[in-house]
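Peer 1: The lines below spell out each chain.
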Amino acid sequence: MLFEVRNLRVHYDKVAALKGVSITIAERELIALLGSNGAGKTTLLRTISGLKPPSSGEIWFDGRRVDGCPPHEIVNLGIAHVPEGRRVFPYMTVFENLKMGTFRRKDRQQISKDYETVYEHFPRLKERRAQYAISLSGGEQQMLATARALMARPRLLLMDEPSLGLSPIMCQEITSIMTEIQKTLGVSILLVEQNAQLALELCDRAYILKTGKIALQGRPQQLKNNHEMKKAYLGM
Amino acid sequence: MGEFAQIVINGLIIGLSYVMLSLGITLTFSIRRVINIAHADIYMLGGFMAYFGSQFGINYFLVLMAALVVLGCLGAVLDTLLFRRVRDKGPAGPMVLSLGLMYLIEGVALLAFGEKVKGVPSVFKGVIHIGSISFGVERLIVMGISLLLITGLFLFLGRVKWGQAMRALAQDPEAAYLQGIDINRMSMLCFALGFSLAGAAGVLLTPLFYVGYAVGSTLIFKCFMVLVIGGLGSVLGCLVGGLLLGLIEAFVVAYVPGQLAVLIMFALILVILLVRPQGLMGRGELT
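If you're matching them up, the sequences are chains A and B in order.
According to my numbering, the first sequence is numbered sequentially starting from 205.
According to my numbering, the second sequence is numbered sequentially starting from 9.
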């Protein structure tokens, strides 16, 4: 098992945001994390990437225990996080943003090749590589944030609401990119999404988070047929 | 014509030193949101290093190197021991800390060096003539080295990975952490660079003027003026603001008597602020 969260508890002051969450992710799997606002999805991602220390529980990646590690170590180990709201560096060029993704890498030759690979998968970024990130559209920024994370050569990619605020066309592009990342690059993805339909189309398995706990989990087909699921999250 | 050129050179030299000082404050502010009031005292320490260098006949460039290295290390140490502990505790903590640091450094300097200002003899003598204008060699060298150091920093921020990481950290700290950029190391580097530049400014300018335990207090105000004119957080703003302030000061002091000069400078700054309150290049991010 590439990645595992065991019984994770996270508090903000005295308030519990995650109350014993456990999930697993295998190699090359795309796992969706669904749930309404405030359920704790973003908190889980932030705890995994080291921005927030957990109160208790364990996080295992590649046979190593990583809970409580600072963000720069998590990146070193092979987990990259594309945060909610893109968070590209506004007054740096597209190229510079990508370069920041390689911050912890030392393999110069491979890095040069990786720029080429990224430009192949994201041709629009190649066009705009000398432009300031703030001048990009929402969809392009999302691509940039994703590409930046990929430049770190992660084995697990955490994506927080990539479809937020994007037009349907851009959503489709992001979706196909995620499929490529998973199938072609072989990177596992933990996808947090409010758009349950979109996520269920893409994922191998999904977890539904509700007020800090896993309420449901299973394969997309199972979940789509689940009555509770249909009512609450698929609006059927 | 010759007089005009002299004033311009003087203005540029003073301006460049303002730039070097203000760059340090801008860097640490952008990354840690710290306004280090003790920063100009590092200039003083550099100046005293120049003083001792001349007393013991140590090579000028050796003293400059020493100031860059020693004071840079001091910056890293102070960040690790002091400023890191008040991180994330709001803006008041670091400011009060730096204020205390200022008094401490100036107090020690007063005890060690006495209250009289000290001059340092010129190392480079001679004059160059270009057309009908004569330029002191020493002033040209100071200008040249200042430009070199400032250009070095700009290249570092613009092209070198760690320098770019500093800009990233200033623009979006969390996103920067997620790329693996380590705030503690970056902060140390920031302080080190800032202190190096401030110390270098001290070594370069003291032979042209003087050094004393209180030079820091006066200079820090000029620094704040530069930051306000140029815009907090913009290194380009530092450059523009510093040079502008230096030139204004040189011209005002040359043509206007004493106290009136200070008044006029403040008036000019007021005008700039009224027209553009965020400073000429202000954006709040390290750009």
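Derived from the structure by calculation, the hints contain no laboratory data.
A virtual CB, placed ideally from N, CA and C, is assigned to each residue, including glycine.
Among the hints, a few may not be true.
What the hints assert, rightly or not - Some residues of chain B that are not near chain A, with every Cβ distance over 12 Å (derived): (1) I158; (2) L177; (3) I191; (4) L251.
What the hints assert, rightly or not - Label pairs and their calculated CB-CB ranges: (5) B:E182 / A:I373: 48 to 54 Å; (6) A:R213 / B:A120: 54 to 60 Å; (7) B:G108 / A:Q398: 56 to 62 Å.
Peer 1: Work down the list of hints and note, for each, if the structure agrees.
Peer 2: Going down the list of hints, with the structure as the test:
For B:I158, the non-interface assignment is confirmed: its Cβ lies about 20 Å from the closest Cβ of chain A, beyond the 12 Å cut-off. The Cβ of B:L177 sits about 9 Å from the closest Cβ of chain A, inside the 12 Å cut-off, so the non-interface label is violated. With a closest Cβ-Cβ approach of about 9 Å to chain A, B:I191 is found to fall inside the 12 Å limit, against its non-interface label. For B:L251, the shortest C-beta to C-beta distance to chain A comes to about 22 Å, beyond the 12 Å cut-off, and the non-interface label holds.
Taking 48 to 54 Å as the suggested C-beta distance range, the pair B:E182 and A:I373 does not conform, at roughly 29 Å. The hinted range of 54 to 60 Å is satisfied by A:R213 and B:A120, whose Cβ atoms lie roughly 55 Å apart. Our hint of 56 to 62 Å for B:G108 and A:Q398 is violated, since their Cβ atoms are close to 49 Å apart.
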